[in-house]
Each structure stands twice: as structure tokens, then as C-alpha cells.
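Given the coordinates of chain A, work out where chain B should sit on it, guided by the hints.
Protein sequences, first through last, are from chains A and B. Position 44 (the first sequence) corresponds to 44 in my numbering; numbering is contiguous. Here my numbering runs 1000 ahead of the position in the second sequence, where the first position is 1.
These aren't lab readings, by the way, just hints derived from the structure by calculation.
Restraint-style ranges between C-beta atoms, simulated for each label pair:
| id | chain 1 | residue 1 | chain 2 | residue 2 | range |
| --- | --- | --- | --- | --- | --- |
| 1 | A | M54 | B | F1014 | 47 to 53 Å |
| 2 | B | R1077 | A | S8 | 33 to 39 Å |
| 3 | A | E17 | B | S1080 | 47 to 53 Å |
| 4 | B | I1083 | A | K53 | 44 to 50 Å |
| 5 | B | S1084 | A | D59 | 28 to 34 Å |
| 6 | A | G40 | B | K1113 | 17 to 23 Å |
| 7 | A | M27 | B | L1056 | 26 to 32 Å |
| 8 | A | P61 | B | S1084 | 34 to 40 Å |
| 9 | B | E1066 | A | M27 | 26 to 32 Å |
| 10 | B | L1046 | A | E22 | 21 to 27 Å |
For lysine to aspartate or glutamate, the following EDC-like pairs were computed, each having C-alpha atoms within a straight-line distance of at most 16 Å:
| id | chain 1 | residue 1 | chain 2 | residue 2 |
| --- | --- | --- | --- | --- |
| 11 | B | K1049 | A | E102 |
| 12 | A | K70 | A | D28 |
| 13 | A | K55 | A | E30 |
| 14 | A | K71 | A | E22 |
| 15 | A | K3 | A | E102 |
| 16 | A | K57 | B | D1095 |
C-beta atoms are modelled at their ideal positions from N, C-alpha and C, and glycine is treated no differently.
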Amino acid sequence: DVKVTQSSRYLVKRTGEKVFLECVQDMDHENMFWYRQDPGLGLRLIYFSYDVKMKEKGDIPEGYSVSREKKERFSLILESASTNQTSMYLCASSFSGMGNTEAFFGQGTRLTVV
Amino acid sequence: AQSVTQLDSQVPVFEEAPVELRCNYSSSVSVYLFWYVQYPNQGLQLLLKYLSGSTLVKGINGFEAEFNKSQTSFHLRKPSVHISDTAEYFCAVSDQDNNNDMRFGAGTRLTVKP
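Extracted from the complex, chain A is given alone in its bound form (with noise of 0.2 Å):
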């Protein structure tokens, strides 16, 4: 089974605190990405990387950066958290090549700016 496994389900942070996000893939994808998911709002790309040290910014890349530096680890950082900040963050890999590109989950990062 594809396993993409993100360090916390929940995390309280305090407003001007650096946060950090980490999400791991072990099925050797290519791709991988950072979203917030907002009700209502769906589901918002912030970051996306298709290569080691290799990213594209997403929708929504304000008041965030991206790491990675191995091929199955990609932390998502919050450098000065904020209260808008306070939402549910999903990361997910896929293959990059041509044929199935679907993209797997993790089980999500509530994460709440107090």
C-alpha cells in the first residue's frame, strides 16, 4: 500500500511562531504537494515539488516555503504563523510520467494559530 504519512494529525501553534509541517512518501513518487483545505474553499495548492530541491508555487504561497531535499520527504513552513493560517494542510505525491498520475493522501494536519 501507498503510505504518505504526515508527523502530526494536530498542532497548536502560537501566532508569530515558526511552524513545521513534515510529510513522508514511500512509494519513490516524483511529485509531491502541499494544499490547505478550507470548508468551502475546497482544496488550494500552495506548494508543489516534481524533483528533489525542485518547486513551483501553487495558488497560495504567501506566508509559506517548502523544502526538499530528499526525494521522499517534503516539509511545508509556516515563518511567522498567523490566526488565517488555522486550517486543515494535505500532503500528497504521485508520479510525474505519462499514464496514472493519481495523486495519494495523507490523513491531514489540523493545525490551529492561537
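Relative to chain A, chain B alone:
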């Protein structure tokens, strides 16, 4: 970048009635299309996918979707719904010309009433 529009944010239906959840996308020529389902308090699960070939795609739990290239649509259908189909449904498009960058719609909440 590609975008996805799910035309209905909420769809209430009675049990055993047919249902159609609508999805339109704007993108480059080469795309893969997906429907995911999220049951209450659970992660995202793939319902079905269109990669190539027949435009009518069958998925799990009796769902099917039709790819219409000229209308850039990928509507999801089920001829007879059950209470257990109550969930949020997300349409997604993957751009083959950009390493399969994947974007999602805002979601449609399907509520099946007895």
C-alpha cells in the same frame, strides 16, 4: 495554470434518486481528470479517473463520469444513491504539460436524505 469549477456547492437528494455532480476545467490540451470523495472525518479517496481511451469511466461504489473534451467537462453520475454516499466530492485536473501539477475544485457536498 489549470483550474477546476464545480458548479454546485451543495446537492441534496433523496435516497434512490439519480444524481449528477458537475465539473468543468480550463487547461492545456493534455490533462488527466479525477474525482475524489471525502467521507465525514476521513481522508481523500480516489473514486475514479480518466487517463485516456473511453470517455465513460466507471469507478467505485457505482459512480461513473464522462469526459467531454469539447465542453471541457467531467461530470460525475450515479443512477441511484444511498445514504452512505453522503460525503464531499472533489473534481481534480492534472496537467500533463507541467509534470502533472494537480488542482482541485471547491467541492460539492452531497447529502442523501431518507
